[in-house]
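> Read off the chains here:
There are 2 protein chains.
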Amino acid sequence: MPSLYLIPVPLGDEDFNDGLVQKSLPLYNIEAIRNVKYFIAESAKNAKRALKKMFFTCNFEVNVDDFEFFELNEHTNLREIYDYLEPMEQGNSMGVLSDAGCPCVADPGNAVVEMAHKKGFRVVPLVGPSSILMALMASGFSGQNFSFNGYLPQKEAERNQKIKLLEKKCQKENQTQIFIEAPYRNLKIFDAILKICSSETKLCIAAGITTSKEFIKTATITSWKKMPQPPIEKIPTIFLLGK
Amino acid sequence: MPSLYLIPVPLGDEDFNDGLVQKSLPLYNIEAIRNVKYFIAESAKNAKRALKKMFFTCNFEVNVDDFEFFELNEHTNLREIYDYLEPMEQGNSMGVLSDAGCPCVADPGNAVVEMAHKKGFRVVPLVGPSSILMALMASGFSGQNFSFNGYLPQKEAERNQKIKLLEKKCQKENQTQIFIEAPYRNLKIFDAILKICSSETKLCIAAGITTSKEFIKTATITSWKKMPQPPIEKIPTIFLLGK
Chain A
868 MPSLYLIPVP LGDEDFNDGL VQKSLPLYNI EAIRNVKYFI AESAKNAKRA LKKMFFTCNF
928 EVNVDDFEFF ELNEHTNLRE IYDYLEPMEQ GNSMGVLSDA GCPCVADPGN AVVEMAHKKG
988 FRVVPLVGPS SILMALMASG FSGQNFSFNG YLPQKEAERN QKIKLLEKKC QKENQTQIFI
1048 EAPYRNLKIF DAILKICSSE TKLCIAAGIT TSKEFIKTAT ITSWKKMPQP PIEKIPTIFL
1108 LGK
Chain B
868 MPSLYLIPVP LGDEDFNDGL VQKSLPLYNI EAIRNVKYFI AESAKNAKRA LKKMFFTCNF
928 EVNVDDFEFF ELNEHTNLRE IYDYLEPMEQ GNSMGVLSDA GCPCVADPGN AVVEMAHKKG
988 FRVVPLVGPS SILMALMASG FSGQNFSFNG YLPQKEAERN QKIKLLEKKC QKENQTQIFI
1048 EAPYRNLKIF DAILKICSSE TKLCIAAGIT TSKEFIKTAT ITSWKKMPQP PIEKIPTIFL
1108 LGK
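Just so you know, the sequences run in chain order A and B. Numbering of the first sequence is given in this note's numbering, commencing with residue 868 and proceeding in unit increments. Numbering of the second sequence is given in this note's numbering, commencing with residue 868 and proceeding in unit increments.
The hints are simulated quantities; they were obtained by calculation from the structure and are not laboratory data. Be aware that a few hints might be false.
Because identical chains share one entry, a pair is satisfied inside a single copy or across any pair of copies.
Simulated crosslink set (PhoX-like; lysine-lysine; CA at most 25 Å straight-line) [stated by the list, open to error]: (1) K1084 - K985; (2) K985 - K1110; (3) K986 - K1080; (4) K1036 - K1101; (5) K1036 - K985; (6) K1080 - K985; (7) K1093 - K986; (8) K890 - K1031; (9) K1039 - K1029; (10) K915 - K890; (11) K1039 - K985; (12) K919 - K1029; (13) K985 - K1035; (14) K1093 - K1031; (15) K1093 - K1035; (16) K1110 - K1029.
Could you build the full structure based on these sequences and the hints that come with them?
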């Protein structure tokens, strides 16, 4: 039976031999997708490079230019994806990849998985790095009750209101609150959090997870105010508020 | 500098040569913890066996009986863990393991991570299988806004109320709701969900992830009612409600 493989991609791409495939993927994944030729990807270019690195690690001679890619990202008209699973109808397995990390988390990949379930195809999630989950593990905050909120609103007033709301949820419901920001705005949101949240609230910042720039720290707002700015400028970062 | 490694454990343990280490862990993890001799574990017995399997996979000659284990689970008095990080004060790295999956998610391991941050130690999350995150990936539901709620209340009336509340959150806030149950009560809660939720609500059931018993299916409540009972009795299962 054809399967839809959900294929995690290493977090970060420092260079072709950065060792991040070995560091963050079970080699089994690469065996599992060895014969897959059809992929749904957030970006075909990035997916090609990621697959090239994966197959190279296992010494598999595979030409990724022979593969067929279908793009699915925030610019995709969801009416267009209707025939993306056509290769599966013909009996071929397919793969889903996002630009980094686990597909279908913080990206729109779930739309094809939904279709696969409707058509009765087998869906196979593979193990790999999720910056959200790894940040949660490393935060020291409760992992028994947590919420991922995606990106915060872009307008300052709305964004500040949202931060206040998340802090309140954290305190009242003891639910760890996780969110992200476009990397070039990381320091802006860091400053906003320090301004808005109360002194005893705890903030965890987890940046560049698994890469050579990994930085993970949890402290109260008061303590963060006394420290130098964290090294998160333009680096993918997860923000967590905890009790 | 000593590090506190957060060490994922395969989901399930079918037998010593079940291949689940290869399937669900990067071999790098085992290299990384090769010289660690102090572990904080949900259960010392299970952690010993998991480490034995990991080291065996890499042909590392290591005697796990030489290791020191500190237990941290729901029966642990949190005052007792105060000196668990003593080996780190002496310059030794330590590891944290739960019985299955990623430590500090759905278990009380976060208490030692919190301490490590307070003492300024480096915290290093390693990549591995999280049934919660893999179920989310495979559900087809939104991964841009989701919430993990842990175990539902045990008393029937409270439990049913909670299910209703989660369904409402799912519909109103478009937030995927994830929860778990003690495996021997899986079918009971499955029946309760079918009774309580409205016919168009979507339920994903993800059981035995990565094992030979893996079962993942998303369907509306109406469709679930027409199908035979899912094979989840006594198998670790993630329940997800989505839109």
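> Checking against the hints above, which ones are violated?
4, 8, 12
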